[in-house]
Amino acid sequence: MLKITDLKARVAGKDILKGVNLEVRAGEVHAVMGPNGSGKSTLAQVLAGREDYEVTGGSVTFEGLDLLSLPAEERARAGLFLGFQYPVEIPGVNNVYLLKAALNAKRKAAGEPEVDAYEFLTLIRHKMKFMQMSESFLTRGVNEGFSGGEKKRNEVLQMLVLEPKLAILDETDSGLDIDALKVVSAGVNTLRDAKRAIVLVTHYQRLLDYIVPDQVHVLSGGLIMKSGDSSLAHELERRGYDWVLESQVA
Amino acid sequence: MSSKPQDVEALLAQKYRHGFVTDIESDSLPPGLDEDVVAAISKKKHEPQFLLDWRLKAFRHWLTMQEPTWAHVHYKPIDYQDISYYSAPRAPANAPKSLDEVDPKLLATYAKLGIPLHERARLAGVAVDAVFDSVSVATTFKEKLGKAGVIFCSFSDAVRDHPGLIERYLGSVVPPGDNFFAALNSAVFSDGSFVYVPPGVRCPMELSTYFRINAAKTGQFERTLIIAAEAASVSYLEGCTAPMRDENQLHAAVVELVALDNAQIKYSTVQNWYPGDENGLGGIYNFVTKRGECRGHNSKISWTQVETGSAITWKYPSCILKGDNSIGEFYSVAVANNYQQADTGTKMVHIGRNTKSTIVSKGISAGHAENTYRGLVKILPSAAGARNFTQCDSLLMGPKCAAHTFPYMEVKNPTATVEHEASTSKIGEDQLFYCLQRGISAEDAVNMIVSGFCKVVFKELPMEFAVEAQNLLSVSLEGAVG
Chain A
74 MLKITDLKAR
84 VAGKDILKGV
94 NLEVRAGEVH
104 AVMGPNGSGK
114 STLAQVLAGR
124 EDYEVTGGSV
134 TFEGLDLLSL
144 PAEERARAGL
154 FLGFQYPVEI
164 PGVNNVYLLK
174 AALNAKRKAA
184 GEPEVDAYEF
194 LTLIRHKMKF
204 MQMSESFLTR
214 GVNEGFSGGE
224 KKRNEVLQML
234 VLEPKLAILD
244 ETDSGLDIDA
254 LKVVSAGVNT
264 LRDAKRAIVL
274 VTHYQRLLDY
284 IVPDQVHVLS
294 GGLIMKSGDS
304 SLAHELERRG
314 YDWVLESQVA
Chain B
1212 MSSKPQDVEA
1222 LLAQKYRHGF
1232 VTDIESDSLP
1242 PGLDEDVVAA
1252 ISKKKHEPQF
1262 LLDWRLKAFR
1272 HWLTMQEPTW
1282 AHVHYKPIDY
1292 QDISYYSAPR
1302 APANAPKSLD
1312 EVDPKLLATY
1322 AKLGIPLHER
1332 ARLAGVAVDA
1342 VFDSVSVATT
1352 FKEKLGKAGV
1362 IFCSFSDAVR
1372 DHPGLIERYL
1382 GSVVPPGDNF
1392 FAALNSAVFS
1402 DGSFVYVPPG
1412 VRCPMELSTY
1422 FRINAAKTGQ
1432 FERTLIIAAE
1442 AASVSYLEGC
1452 TAPMRDENQL
1462 HAAVVELVAL
1472 DNAQIKYSTV
1482 QNWYPGDENG
1492 LGGIYNFVTK
1502 RGECRGHNSK
1512 ISWTQVETGS
1522 AITWKYPSCI
1532 LKGDNSIGEF
1542 YSVAVANNYQ
1552 QADTGTKMVH
1562 IGRNTKSTIV
1572 SKGISAGHAE
1582 NTYRGLVKIL
1592 PSAAGARNFT
1602 QCDSLLMGPK
1612 CAAHTFPYME
1622 VKNPTATVEH
1632 EASTSKIGED
1642 QLFYCLQRGI
1652 SAEDAVNMIV
1662 SGFCKVVFKE
1672 LPMEFAVEAQ
1682 NLLSVSLEGA
1692 VG
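Chains A and B supply the protein sequences, listed in that same order.
Per the working numbering, the first sequence runs over residues 74 to 323.
Per the working numbering, the second sequence runs over residues 1212 to 1693.
Here chain B stands alone, though its shape is the one from the complex (with noise of 0.2 Å):
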């Protein structure tokens, strides 16, 4: 084609946009975990008892288990106690209590992401919560929200205020022992999101989150817990960098969703995790755990997930389908580049009548990347009528990379429907030539086909991130085929 070599890695090389370091002074843990790092982690934001108990009870559970391995990933073996599981950025003795008192420097951060804290944010009418390395550091829009009677804040804001929520709802779908990487979430989170949506409440604007780690040796694990009473609807976007580093960094997240009768969520991701050089050097292990739980009748909870980051990729967002007629939906982009690996998919579980879930996966490979698609629906046998349709369409570029599809099924009714389609497709040298006789470059051509190819997911997204979703994707594959 058109580009020479040189030009495809100065292209790749420009890639990573948002691996600048803050200089910032840290408050941190030294590495290391033991219960008393949980108790400090604990103490340091004040947590009531009940709080520590619940972690202590995590972490001795997580000392049982053993890390899984039947993810269609490699990587060396963590070493948990070289890890810091606390970084907060240190703050004058008393916490800001506006954004005016956030430290500039942490400001000017976000700024260079793209999310300013300040005007844009009002412009766009987004409500921003910034969680830097293990802190929420500004809830924007507060005010309006609350009028609304919305409640949108850093978890241990929640904590602090709405203790019998945190109490009532936390562990109430992602329970603490559930897998490795959320018990140990549940023994050492720091902060994260907390969103409840009081019955009949539509939320009034779409709320954000943006994850940043910052520190060297630094985990990041949040929690965010979303619920949505009887018959609210709130929509919620994440998104995600982190500095470039030689080391790999560990992210272990956990998001729980409740979704109680006639209610909605709408939870989008767009995870751009620094992904490692073009070696596989470094890069953030993003090994996250994602559910929502259609609680009530009616209810529906919907994923969106644009992955481009993170050297490693393990996550299924989930749902739960209890209530009767509940909907659960899962759509994705993953790309996986260079030396990157992906396993991502989704479980839809159906126990209430007539739920139904719509699967639709889109894994883009390239370079040497590993790109595989993990899905599991199952229907129980109360879930009568319930339906499931599932489409896993792979698109490889360039001759090392690899896809893989494993979907599995369990029905356990009779009435059930469940269809799966899936198709592997190399981007054709047919369309980009075709492309390039009408004129067209090679990399707007690349850009024109993965974005027809990724368009169904594009379109659930909301609009300011459809656009951010689609430059990032065209930075991500920028020189895959040259």
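Isolated chain A, as found in the complex (with noise of 0.2 Å):
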């Protein structure tokens, strides 16, 4: 579904992806880890097509599509998500309308009418119902004055609406006490199916106890030092990832 060819990536003139490598096929969950600074964030913008991030070299291909030729609204409509480490705020817009606008988005992209008012408003309820979310969040202004676990629910809430094929989530457990940890965690364990694929970026191995990985990688410096299954993020929480590095020297 998704291959990451020696991706290498720029911000603001500094080189901050150097190659990376990784392949998620259907089905799949994988996690990223690594220590602050390594280049996770940068690769989940790249994918989700930040401007601001100026890629250097390799190439992406989804779906049988060259990603990184597509601007993002066009990789969104192709079944690509990013849920955001810290959701914008909107204000003025209803979270509603903009979950709508998004979705209708998606529709006509693939020819389909757009969705029935009717209809999408069942659809939302039942979704924020299973995030625990209470209604007034439907006509608040989008992410306004909601707190940090409120907007990652949020952005699950949307993910579940508009069903990605791939999900990226970037440190979507970060700043969630542990109840709501376990809902987003459900959340996200509901898309997980043979046709879709998730990747987790995350620093912690508490979010993987709830969402299982088939395979974990750790970003360092920019690169994949190591790959494995979900046994290595027990390794990283246990032992840091210095010896992923030094082992690597060695």
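It is worth saying that the hints were derived from the structure and are not from the lab.
Check the hints yourself; a few may be wrong.
[To be verified] Computed footprint of chain A on chain B, listed as stretches where at least three residues anywhere in the stretch have a Cβ under 8 Å from a Cβ of chain A:
{"hint": "1", "segment": "1524 to 1533"}
{"hint": "2", "segment": "1630 to 1641"}
{"hint": "3", "segment": "1661 to 1673"}
The C-beta atom is built at its ideal place from N, Cα and C for all residues, glycine as well.
Put the complex together from the two separate chains, hints included.
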């Protein structure tokens, strides 16, 4: 589904990604871990098509498409979803309005008719109940005055409504208490099926107790230094990142 | 972002949709201004002596005045001798008595602008007075309003039919010598709208005036006077467009509102004068004086404006809160794109006890535009318990535009409460990217973000105008972020 080959990127003149290789197949969940400043968020932003990030080499294919040649909105319509680490506030724009516009943009791109208002409301109410969100979130401004945890729930809510093929979740677990973490994880797990894939970008093994990944990668200094199964995450939790980097040097 | 430069250019090129010229014979005075011109205008309109005297007094005063320079706008000096002060569509010797007699070309112009005087206006239930260049062309719904006792007619008709009201109220809020442009207007105003709502009457429909500058090298100097008598209420809408021309055209209007005891006036403007092209050539100079006086107790005047047009906007719709417990409101969205300059805001003068004012100003700048909020809250010693709340927000789109805020406050009563909030934000790259990542196009995303920013002001507009304002805003800002 997603194949990243020798991807290099820079931000503000600084090289961050220095040749990332990663393949994610349908049905898989991958976790990308690593210390602060290793390039995890940069990888997520580059895949989503943020313009401030300059791709200086390599290629990415997504469902057979040359991902890097597409503008951000077309990547989204093709089924790539980014759960933001810091979801932005958009004052005065109803949460439900943004979601409906997003869903309709996706449906339009797929040649489907716009969603019926009643049908949409039924759908979103159902999903909000699942995410344990109050209905007042429908009419509030996008992320306006939301707590950190509410913003993350809102990201997962959007994901559940848009049903992407590939979800990249950038530190969706940060700032969540244990109950919220369970709700968010349950939300992510409902999306897990043979046709979809999920990439979790995270600092902590904690999330991976609830969403068990097929593969774990350590990103450091702009390169994938080590890959393994879910046991690697436990080892990282126990031993930290330094041994991975040292074993590479040795 | 996704929009390629050529898309943006194409979008900008199609921007101004009201830029056509109507080929119609007009009866104009040659350019130039002196006492003879003032007298000629008065004579053409068969005005009573008191009005001619009033005009001449204003003109003589104007001659002693200097054009103001304090506004944050820049333009080449205006040659006041190079402007024609009167232009009227040439009509048969007898002026049209009903809509059927109005030149069909004129009616077609208004239809093109989306204000058909006939059917659609009737359906919408909006009474329209249309001012074309200098004269009022038609006033719809005169009869229905007449039954309710509401007078809604052109200023000229009011001078003829209700000279007592004119003599009593004209210049009572904006005196002829108030400022340079108001003095000029007082000397040469050619037409405009007049509304009188008698005591206890709630005006049964929205009243509306549509202004259109057509002739080249013409200035438009209209005068609007609205009086709501005791316990009366009225909602009035004003819209404006002009053809695209390379030279600048001057629009110096005066609007006066008078609210007596327990009366309410709501005045809404959607201003879309031609703003000039993308290089700053041409466009309307909109130098307007608008002021309302809450003369009576418990009266209320509310200004709502959406300003998207004009090369230069210089206007400060204000409220004089004289009556005890009176309320003044100002809700504004001012958009400046390309090389437009806007210096706009309000004045709230608190005189009566427990008077209350609210100011909400939303400025949006794009391209090379300069957008200034200038406001004065003045609380006089007599205004015990006065309250003001001011909120000014600026939104910047792109790196070359600018926003300025000049809030002035003079508080001379210790029991008064004055609150001020201000913010400046860039249209977030973050907000835009967030929307794009959800599959929403750049244009839709900008519209969404801007509408969200302006929401509190749009809520104040009458329904049908809110939709128009929203559309206008998206047209004005098309391609501004790309």
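Taking the hints in turn, this is what the structure says about them:
no. : hint         : verdict
1   : 1524 to 1533 : violated (count 0)
2   : 1630 to 1641 : holds (count 3)
3   : 1661 to 1673 : holds (count 6)
Checked against the numbered hints above, the structure violates only hint 1.
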